[in-house]
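Please take these sequences and the hints and turn them into a complete structure.
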Amino acid sequence: MPGITAKSGVICPAGLSETENTAGNKPRGPLIEHSGRSAGMPVKEPSHQVVPVSEPRSLYLHIPFCPSICPYCNFHKMRRNEGLVAAFLERLTEEAGALYAHFGGELDTIYFGGGTPSHLSDGELAAVIAILERTWGWPAKKETTLEADPLTFDRNRLDTFGVLGFDRLSIGVQSSQDDVLRFLGRLHRGHEGLAAIDMALEAGFNVSADLMTAVPGQDTARDLHTLAQTGVPHLSVYTLTIEPQTPFARRGVTVDQDRDADDFELAHTVLHGYGLERYEVSSHARPGFESVHNRVYWRGSTFFGLGPSAASFLPVRGAIGERRKNHVIKAWLAGEPAEVLPVTAEDYLLEMLMTGLRTRHGVELDTLAARTGLHLEERYRPVLEDAFKQGLLRRVGRRLIATEQGLLRLDGLLRRFFQQPPQD
Amino acid sequence: MRIRNFSIIAHVDHGKSTLADRILDLTETVSVRDRKDQMLDTLELERERGITIKATPIRLHYTGRDGIAYLFNLIDTPGHVDFNYEVSRALRACEGVILVVDASQGVEAQTIQNAYLAFDNGLEILPVINKIDLPNADPEGAIAELEEIVGIPADHAVKVSAKTGENVEAVLEAIIELLPEPTGDPSAPLRSLIFDAVYDSYQGVIPFIRVFDGSLRRGDVVRIISTGKAFEVDQVGFFQPEPAVSDSLGPGEVGWFTASIKDINDTQIGDTVTSAGNPCKDIIPGFKPAQPVVFSGLYPTDSEDYGRMREALEKLSLNDAAFTFEPETSEALGFGFRCGFLGLLHADIVQARLEREFGLNLIATAPAVVYEIKTTDGRIRRIQNPSELPPPDVTETISEPYVMMSVFSPEEYIGGIMKLLQDRRGVMKDMVYHGRRVELRYEVPFGEILYDFHDRLKSLSRGYASMDYDFLDYRPGSLVRLDILVNEDKVDALSVIAHRDKAYEVGRKIVDKMATVIPRQLFAVPIQAAISGKVVARATVRAFRKDVTAKCYGGDITRKRKLLEKQKKGKARMKQLGSVEVPQEAFLAVLSGDE
Ligand SMILES: Nc1nc2c(ncn2[C@@H]2O[C@H](COP(=O)(O)OP(=O)(O)OP(=O)(O)O)[C@@H](O)[C@H]2O)c(=O)[nH]1
Ligand code: SF4
Ligand SMILES: [Mg+2]
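If you're matching them up, the sequences are chains A and B in order.
According to the numbering used here, numbering within the first sequence proceeds without interruption in unit steps and concludes at 409.
According to the numbering used here, numbering within the second sequence proceeds without interruption in unit steps and concludes at 1565.
No wet-lab data here; the hints were simulated from the structure.
You may find that some hints are simply not true.
[To be verified] Some but not every residue of chain B turned toward chain A, in silico, with C-beta under 10 angstroms: (1) His1050; (2) Arg1395; (3) Val1518; (4) Arg1531; (5) Gly1548.
[Unchecked claim] The calculated DSBU-like cross-link candidates involving lysine-lysine, where the alpha carbons are at most 35 angstroms apart (straight line), are: (6) B/Lys1536 with A/Lys374; (7) B/Lys1006 with B/Lys1133; (8) B/Lys1133 with A/Lys127; (9) B/Lys1521 with A/Lys310; (10) A/Lys126 with B/Lys1521.
These figures come from a predicted structure and were not determined experimentally.
Where a beta carbon is used, it is the ideal one built from N, C-alpha and C, also for glycine.
Written out as C-alpha cells, the structure reads:
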C-alpha cells in the first residue's frame, strides 16, 4: 500500500504540488521567548536558579522514505514518490531557514536518519545538503552521519557519499543470517550486509552497523562474531522490541524474556573480545569511535530536529529548555507548528537520569546541579541509597553510573525515581 | 389523604426491586422516559452488581378500587445479610411489610430473618409469592413453607410475577386492605425519627425522617434530641426517589429536610427530631447500634490523603450507619483506619463507595474476626487486628467467636454441605426436615466461614442452599498467628490468625497467591509465612532479568518520560513496602479461594 504507513495511517499527499507557506518565524535572537509558544502549557516559574542549556550544535534530519516497510518498525516512514520528495524538500527549506534565522550558529554533528536517507537519489541528497549549506554550513565540524541501507549503495556511490561530505555511515545490517533477515522483512541477504560494511570501511568511512538480537530463530552468537570480525569499529545492538500497532504486534510475535537477557549479556561478552566496549545500553565501540552525535541526546545538550516527526531540544529564556516534536508528514508539510513540551528543572533531572544512566559515562552530578539548581543526591536520597546498597548504581568521583546489573534493569530503577516524591 | 407505609423485604434476589418497579409502573410514578430496571437501585454500585445495598424510599399515589386516593410510602430494602441493618432501620418508618418469596426457591435463610425483624417491630406482614412465571415455580410449596417454617399465615399470599407484571395490582389492593393506616396526632408537637441521612456538600446533613406526630414545614425551628442543637428548617420534602420539595410533612409521612446542619456530629441516625419551641414528651427509641463482626484496615495509598479520608469516613457513616472506624497505624502502611463491617460484602462496598464517592485510593487489609485474648496475668481483652496479638509466652488462651449456623438446602446436597461444615471445624447440633428441604444447624467458628464459605455452599448446592448465622460466644482454640514476610521484612498488615492444624495450608495459600499477584521487581523477592519466627511456607516473586528500553535517542526522551510518569499515576492501589510494590490483591491473598 504505497503512501500509507501502517502506524499513523497518514496518507501521503502524493501529487500535492503546493504547500502553504506558514513559516512565519521572524528572527528573534538565539533564545526562544516562552510566552505564547508553549501551546497553552506555560512553564512553571522555577523557584531555583536554572541555567538554560547552551545553544544547539547538533542537528538531526529525518528523511522518512524507505524502499520497503519492515514489520517491526515504529518510525515515521513511508514509501517515496516524486511529488512527495519535492514537497518534503520545499518544506525542509522553510523549516531550516526559520530555525536558522532564530538560532544561527555552527554545527558539530549532523545526522541524517530515517526512514532510509540513502534511499534518496544523489541529486536529492545534494538538495538537502544545499539547504544546510545555506544555513548552518556543511559538513559538520566533528561528525556527519548518513544512515544507509546495504542495498542502496555500491562502491561508486560510497565515493559520492564521501564527496558529498559524509564521514560516517550507519548501516542497517540487522543480521548476517538470511532467514533472520527474511523474518525481519529486510530485502538484503546476509552476505550483502557484510559486503556493505567491508566496502564502507575500505572507502575510509567511520562505520557503524546495526544488529538486531533476540529474533526468533537467530543464532545471536554467530551474528555477533560475524559482524565484529568485519572490523567495524561501532555496533548498535538492539533487542527486537515489539512496538504496539506494528504488524509484528498484530501478528502476536513475542520476544522471549530469557533470550532477550541472554543475548544482552552475550553481546557484551562477545564484542568485548573484539575490543568493542558497551558504552551505552545498545552501543558498542572501539575506544574513540563512540558516536559523537548520540552523546548529545544522552548528556542533555540541545539539538535541532528537521523533518517530519523530528524532535528538537531548544534553549528558552527562564527555563532549562523546551522539547519540540514535529508533526508527521501531512501536518508537517502543511506547516503546522511543532508540539511544544516545556522542560522544568525537575523534568530535566529525571530525563538526565533516563538518558545519562544508559551510558558508561553516567550522569555528571555537578553539571546537572549547575544547570537545574537541584541537587539530585538530596532530592532522591532514599532511592539512591537503596540503589547503591543493591549494587545498581555507583558513584565514581562526581559521576553517577549504573552498574552492569543496574543497566540491565534500568527501567525498573527509573520507575523508582519517578515514584518517589522529590525531597525539597 | 390515607397513608400506607411499607417496606419490601425478602431473601436476596427474590425480586424486591423488580416488584417495586412494577408498582411504580402501575402508579405511574415515573415517566416512561425515566424508566429503567430496578429503578430504586440508584447507586452506581447497585446497578453494576445487580444487588440492592441501600434501603430506598419512594412516595406513590394510588387510587384503590374503593375509589379512595392513597399515599403510599414504599421502601425497597436490600436482601443480602450484610445489609440487614438497612432493613431494620427502614422498618421503623413503616406499619407493614411485603414479604416476597421466590416461588422457584421457596423460603430461604433471609426470608426467615427478615420476617422475624418485621415481627419484632410489630409490623403487619403481607406475603407475596413472586416469579410465578418461571417453569419451576412452586407457589403452593412456597406458601406451605411460609406457614411451616416461618410460621405466618400465608393462604392469602398474593401470587405474582414481578417480571411480567401479572397480578401485581392485587398487591396494591392487599396493601390497602391488610396493612394498617398510620396513627398520629396532627396537632401534637412534632415527633419524628431520623432513620437515614446523606451528606450534601451544599446543604449539609439531609436527615430522612418518619413523622409520627405533629408536622414539619420550612421555617420551623427543630431540635435534635441527642445533641440538643436547634436548627431552622430550610426545606422539607419527600422522595421520588430523588428528593422533591413539598410544603410540609404531616403525621405518618416519610420525607427529608435540610437545615444547614454542617457538622456531621450534630445529629445521628436514630435521633428524634422535635419542635424546638414545643418539644414532644417522649423520645422515640433509637436504633440498636450495629455490631461489626469483621474488621479490616483501610489505608490511603497516598499518605497525604489521610485527612480527606477521615472526612470521607465521617460523611459516609451518615449514609451507612453500620460501619465503624477508628484510627490505626501500621508499620507497613502508615496511618489509616481500622474499620468494622457487618460482613465481607459490606467491607467491599464501603471501600468501593469511599473510592468512588470521595475520589480516594485505598488499600484494604484482609478482613478478620475479633479475637479474645487471655494473658498470663489473667487479663482478657479483644483484639480487632491480628498484629495486636501478644507474644506467645504471655498469651494464655486465644478465643475465637462461634456462630450458630443454619443452612437451608434441598435434601440432595446435604452430604456435601455436612462435609464442608466439618472441614470448617463445625459441630452439628440439629437437622430438621421441612418437606424436601433440610435445615442444618451447626456450631462453627466464625473465622472459618468468613471468606469463601458462602461461595462454596452455593457451588455445592447449585445455588439452592442458603445460610444464616447468629453469634454464640467466644471459645478458646488452638490458634496461632501467621506472619507474612516480604523481602525478609515482617509486614504487620498481613498477619492473620489461623488454627494450628491449618496454619501451614493457609500460609502456603497466602504466599503462593502473593507471589503471583506482586509484579516482577528488580530483584527476586522472597515471600514467607512464619509462625513464631519459624518459616512454614515460602514463595518467590521472580525478578526481571532484563528491563531496559533498547533505544533512547532524541525523539524518544519525551515519550519515555511520559511513559514513566503514566506508570506512576497508574500506581493506584499499590503500596510501596520497602523497595517492593505490592498491589491491593496481595493484601487480600488470604481470601482467595481454596484449590
Ligand atoms: N422470571 C422472573 N424473574 C424475576 C422476577 N422478579 C425478579 N426477577 C429477576 O430476579 C433477579 C433479582 O431481582 P431483583 O429485583 O434485583 O431482586 P432483589 O430482591 O431486589 O435483590 P436484592 O435487592 O439484591 O436482595 C433479577 O434478575 C430479576 O430480573 C419474576 O417475577 N420472574
Ligand atoms: S528501513 Fe528502517 S525506517 Fe524503514 S521501515 Fe525498515 S526499520 Fe523502519
Ligand atoms: Mg433489590
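Structure-based check of each hint:
With a least beta-carbon distance of about 38 angstroms to chain A, the hint placing B/His1050 at the interface is violated under the 10 angstroms criterion. Taking 10 angstroms as the C-beta cut-off, the interface hint given for B/Arg1395 is violated, the closest approach to chain A being about 44 angstroms. Interface hint at B/Val1518: satisfied, since its Cβ lies 4 angstroms from the closest Cβ of chain A, which is below the 10 angstroms cut-off. About 6 angstroms separates the beta-carbon of B/Arg1531 from the nearest beta-carbon of chain A, less than 10 angstroms, and the hint is met.
Below 10 angstroms, beta-carbon pairs count as interface contacts, and B/Gly1548 has one with chain A at about 8 angstroms; its hint therefore holds. As the CA atoms of B/Lys1536 and A/Lys374 are separated by approximately 27 angstroms, the hinted pair is consistent with the 35 angstroms bound. For the hint linking B/Lys1006 to B/Lys1133, the alpha-carbon distance of about 13 angstroms falls within 35 angstroms, and the restraint holds. Of the pairs offered as hints, the one joining B/Lys1133 and A/Lys127 is violated, with about 82 angstroms between alpha carbons and a cut-off of 35 angstroms exceeded.
Between B/Lys1521 and A/Lys310 the CA atoms are separated by roughly 17 angstroms; this keeps the pair inside 35 angstroms, and the hint holds. For a cut-off of 35 angstroms, the pair hint linking A/Lys126 to B/Lys1521 stands: about 26 angstroms separates their Cα positions.
In terms of the numbered hints stated before, the structure departs from hints 1, 2 and 8, listed from lowest to highest.
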